Amino acid sequence: MTRSEEKELEAVSDIVPFGPWLLFLLPFLVYGRFILGDELANADVILAYRPAHAILADALRRGDIPLWTSTISGGFPIAFSEYGWFSPLVWIPLLIGGAQAGYYGAVALSTALAGVATYGLARTWGATRIEATLAGLIFSQSLFVVGGAPLLNQAGAYWLLPALLWVVARTIDWHPLAPPLGGIVLALGILGGHPQVVLIAALPAMMWAAVALFRDGEFARRMALVILLGGCILGVGVSAVRIIPTMSILDASVRQGGLSDVARALGSVSPLDLLLGLLSPSFSMSRWVSAHWA
-8 MTRSEEKELE
2 AVSDIVPFGP
12 WLLFLLPFLV
22 YGRFILGDEL
32 ANADVILAYR
42 PAHAILADAL
52 RRGDIPLWTS
62 TISGGFPIAF
72 SEYGWFSPLV
82 WIPLLIGGAQ
92 AGYYGAVALS
102 TALAGVATYG
112 LARTWGATRI
122 EATLAGLIFS
132 QSLFVVGGAP
142 LLNQAGAYWL
152 LPALLWVVAR
162 TIDWHPLAPP
172 LGGIVLALGI
182 LGGHPQVVLI
192 AALPAMMWAA
202 VALFRDGEFA
212 RRMALVILLG
222 GCILGVGVSA
232 VRIIPTMSIL
242 DASVRQGGLS
252 DVARALGSVS
262 PLDLLLGLLS
272 PSFSMSRWVS
282 AHWA
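Numbers -8 to 285, taken from my numbering, label the letters of the sequence shown in order.
It should be emphasised that the hints constitute simulated quantities derived from the structure, not laboratory data. Computed from a predicted structure; not experimentally measured. One thing to keep in mind: the hints can contain errors.
[To be verified] Ranges between beta-carbon positions, derived for each pair:
#1 116 <-> 50: 22 to 30 Å
#2 117 <-> 49: 32 to 40 Å
#3 66 <-> 121: 27 to 35 Å
#4 49 <-> 202: 43 to 51 Å
#5 204 <-> 167: 26 to 34 Å
#6 135 <-> 37: 16 to 24 Å
#7 168 <-> 117: 14 to 22 Å
#8 194 <-> 167: 43 to 51 Å
#9 236 <-> 86: 34 to 42 Å
#10 9 <-> 138: 40 to 48 Å
#11 228 <-> 121: 38 to 46 Å
#12 116 <-> 61: 46 to 54 Å
The C-beta atom is built at its ideal place from N, Cα and C for all residues, glycine as well.
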């Protein structure tokens, strides 16, 4: 494509912003066969996610959110963070489409948000509309994202990362809607995935905001970042919606029945492990660091 042709295409896109619409609608075509009735050949999806979200879809239409079910493994705390049990981004597709179409609709929605957020971030960093659209396509339609999004807690991380970076970039540019948007984005992320997955996805944005806060000499920008922090604190507070109700099912867990802290933490990751894992991609750690893996 010549430079003149690129300018003509940019002029058209100024009138019709096809990039964001393409990035938003394309995932619904990619997952369309599953929305319409096919099943994804993935053991986690077939054995865990689909049955759980069938229960949630039925419960939502009755105006209920179950915390426990006796229909899985003889008894299971189904209000599990991996399932996005308290996320509006899961509720809305399930209410509209039901168990089958709603579940894959939620997968497509998260993938769509990943593409649109990447587009917005690229535009904020100075990319043209064509370049930003290409960036959104490369990220949201990569095998990593398209293949991982059917596990909804991963899908939440894929859109949360570019969305929070976009919010920080707009806050530094002193956009008035960025701080409250940051709170909304973080709240949706927390409601939709594992806390540790949210932490990993939010960490780059947190580090960028912290560096900008102490390096930027302009008072207005510093105040904007402080306001963003306040918005994010309010967003974190929304997590009480998912944490407080689930406290009531702790007594029903076998891990609560007199097990030691080490035994109860089996399969989890300690904070020190998390930090070392971020520094060491090999995740090769000494046993003394993580006794419950020994």
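query: Against which earlier hints does the structure fall short, listed by number upward?
result: 1, 2, 3, 5, 8, 9 and 10
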